[in-house]
Amino acid sequence: MNGYFHSVVLSEDSCKGCTHCIKRCPTEAIRVRDRKASISGERCIDCGECIRVCPYHAQKAVTDDLEDIKKYKYRIALVPPAVHGQFDTGIGLGKILKAVEMLGFDEAYDISPYCDIASAIIQKYYLEEEKITRPAIYSDCPVIIRLIQLRYPDLLENVIPLVSPMEIAARLIKTDTVSKKNFKREDVGVFYLTPCPARVTSVRVLIGLSFAYTDGLISIRKIFGSLSKNLGELQSLEKVEGYEFSGRGLKWGIIGGQSQSIVSKNYLAVDGIENVINVFEELELGKLKNMDFVEAYACTGGCVGGPLLVENAFVAKTRVKHLADTTHSPKLIGKEKVKEFIEAGLFTWTEEIKPKKMVSLDPNIGKAIQKMEKVEEILKKLPGIDCGSCGAPTCRALAEDIVNGRAREVDCVFRLREKINEIDRG
Amino acid sequence: MSTGDMVKLNYSVNIEDFAKAGDISSNTKKVLKKLGIPSDITRRAAIVTYEAEMNIIIHSSGGEIIVNIDTAKIEIIARDYGPGIPDIDRAMQKGYSTASDHVRELGFGAGMGLPNMKRCSDGFLIESQKGKGTTVTSTIHIHN
Ligand SMILES: Nc1ncnc2c1ncn2[C@@H]1O[C@H](COP(=O)(O)OP(=O)(O)OP(=O)(O)O)[C@@H](O)[C@H]1O
Ligand code: SF4
Ligand code: SF4
Ligand SMILES: [Mg+2]
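Which chain is which? The protein sequence lines are A and B, in order. Position 185 (the first sequence) corresponds to 185 in the working numbering; numbering is contiguous. Position 50 (the second sequence) corresponds to 50 in the working numbering; numbering is contiguous.
Some clues are possibly wrong.
[What the hints assert, rightly or not] Some chain A residues near chain B, calculated using beta-carbon distances under 8 angstroms:
#, residue
1, Glu351
2, Glu352
3, Gly366
4, Met372
5, Gly384
6, Ile385
7, Gly388
Calculated from the structure, these hints are not laboratory results. Backbone N, C-alpha and C fix where the C-beta goes; we use that ideal spot for every residue, glycine too.
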């Protein structure tokens, strides 16, 4: 596996070279050359902004198919709150889990009780016992961890090294199933219904872990039709019981829910990748020191705004909030249990997260300085209006590409016209 | 070792221009990252430029910030045209501030700017003349 696996990929056939995506990408990872977009694996953080904005649906997410679950003898589905946001709140949570099982799973589990485990560990260990540099950052969103690794490596010491509720659930449920039902480990497949490509990347290119218990991820958008159909068949049923939920845990699907469930007084909850970047800029300057906890999600509204969902993010947010408020929340696990989990190392990162170097002009600082001087020279000749028709997001980005031999000055339509005029006159 | 090549950034700073506050620092940071300067050094340079920018905006009648980068060091020169700092030793004390209530309401005026700048610098010098202005020079070595 190369280090640059990404679940956001481009389908060349559908790409019209329109340049919509290049400006939206927060890490300037996309270039359009020869009328086709391409994504730089080094820079992409899998936020999915390009998937959202592409009018031709050329940017795609690599996810698993329902076919893939057949590789396992016993199939388990993990259902995050974002799924519930796709359906009318009157349906009832139990029916949705049942409808998921009808897709071919032996069992479906709601993620919310496992969010509670994360809440307890964060609150009772990392915050109360002061085990982490303040303000503590915990992100259930893999995009945020990548962003920190790439652009704000100094903030890594503030990041709580706890796996996501998805992995907590996968670990507990898989281990339990293997022992109770007498299966071999490789017979049990755990599949997460994902609102985004970033989570797919998170189990393929592991951060902080050497092994993931989650075996596959299935796009919620892809199964939405079948789920709706199954729900239709369940319509006549009164109520479906037998699943566990937590109102507190359901809140994790929307921005602010995490902070509220760990009862942090001074918290900051930020959603939307650009807003997150702004907050991290401030944190890096040493500001916001009085904050205890920072919660950050790449998508607007939290995971209910994920790029692989169907329902409008704001509608989904209102629904999940309503469900969270009307669903019972069991008591959080106590300090002793938290300690037990921590000591067993069950849910903490085992690998150190190394900063990733931002892509610089040159690996050698001296050469990078020389190149920067050239960039400034070239910039003087470019119009400076960041029109994007050259295929780079800004004039500066084009100048940098030229210096590194990845583009030519005449890729700029204004420069090209000037050159043609020169020839005409000459 | 310096090869003679140098990147020079030049920004002018207007008084009371809070809307652009932080732009110089974030722009400088972008350049340093593009040059592959290690992140801890970049962060220190960002803090120095940010505090310098804020001091010019809040306490002076306008000025400029120049950032010179070569392979050995980053030099940040923050120069303004008045009113000058009457007692530099005092201004350097943690918690000392003459910021107005209006500025404090905006979240500045903890009296930590200059001490923070010094803490982040390898070399630090303030020159000030009453009525003429202040020049703060910070040097940060690049070791890697
Ligand atoms: N460029 C300047 N011109 C005139 N006076 C200055 C200048 N920079 C700082 N001072 C004086 O020095 C004092 C201390 O500056 P310092 O940056 O440490 O704190 P502050 O700006 O008041 O508050 P903070 O930086 O924490 O927001 C200021 O209150 C001001 O009186
Ligand atoms: S997923 Fe995000 S970071 Fe990756 S190319 Fe698309 S917009 Fe850029
Ligand atoms: S906010 Fe949630 S849905 Fe969006 S990228 Fe992050 S984890 Fe995925
Ligand atoms: Mg100050």
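Hints versus structure:
The beta carbon of glutamate 351 of chain A is not positioned within 8 angstroms of any beta carbon in chain B (closest approach about 20 angstroms), and the interface hint is therefore violated. A distance limit of 8 angstroms between C-beta atoms decides the matter here; for glutamate 352 of chain A the minimum to chain B is near 16 angstroms, and the interface restraint is violated. A least Cβ separation of about 5 angstroms between glycine 366 of chain A and chain B falls short of the 8 angstroms threshold, and the interface hint therefore holds. The restraint placing methionine 372 of chain A at the interface with chain B holds, with a minimum CB-CB distance near 5 angstroms, inside the 8 angstroms limit.
At its closest, the beta carbon of glycine 384 of chain A sits 15 angstroms from a beta carbon of chain B; the interface hint therefore is violated under the 8 angstroms criterion. Hint on isoleucine 385 of chain A is violated. Least Cβ distance to chain B is approximately 18 angstroms, over the 8 angstroms limit. For glycine 388 of chain A, the interface hint is violated, the least distance from its beta-carbon to any beta-carbon of chain B being 19 angstroms, above 8 angstroms.
In this structure, the earlier hints numbered 1, 2, 5, 6, 7 are contradicted, and the remaining ones agree with it.
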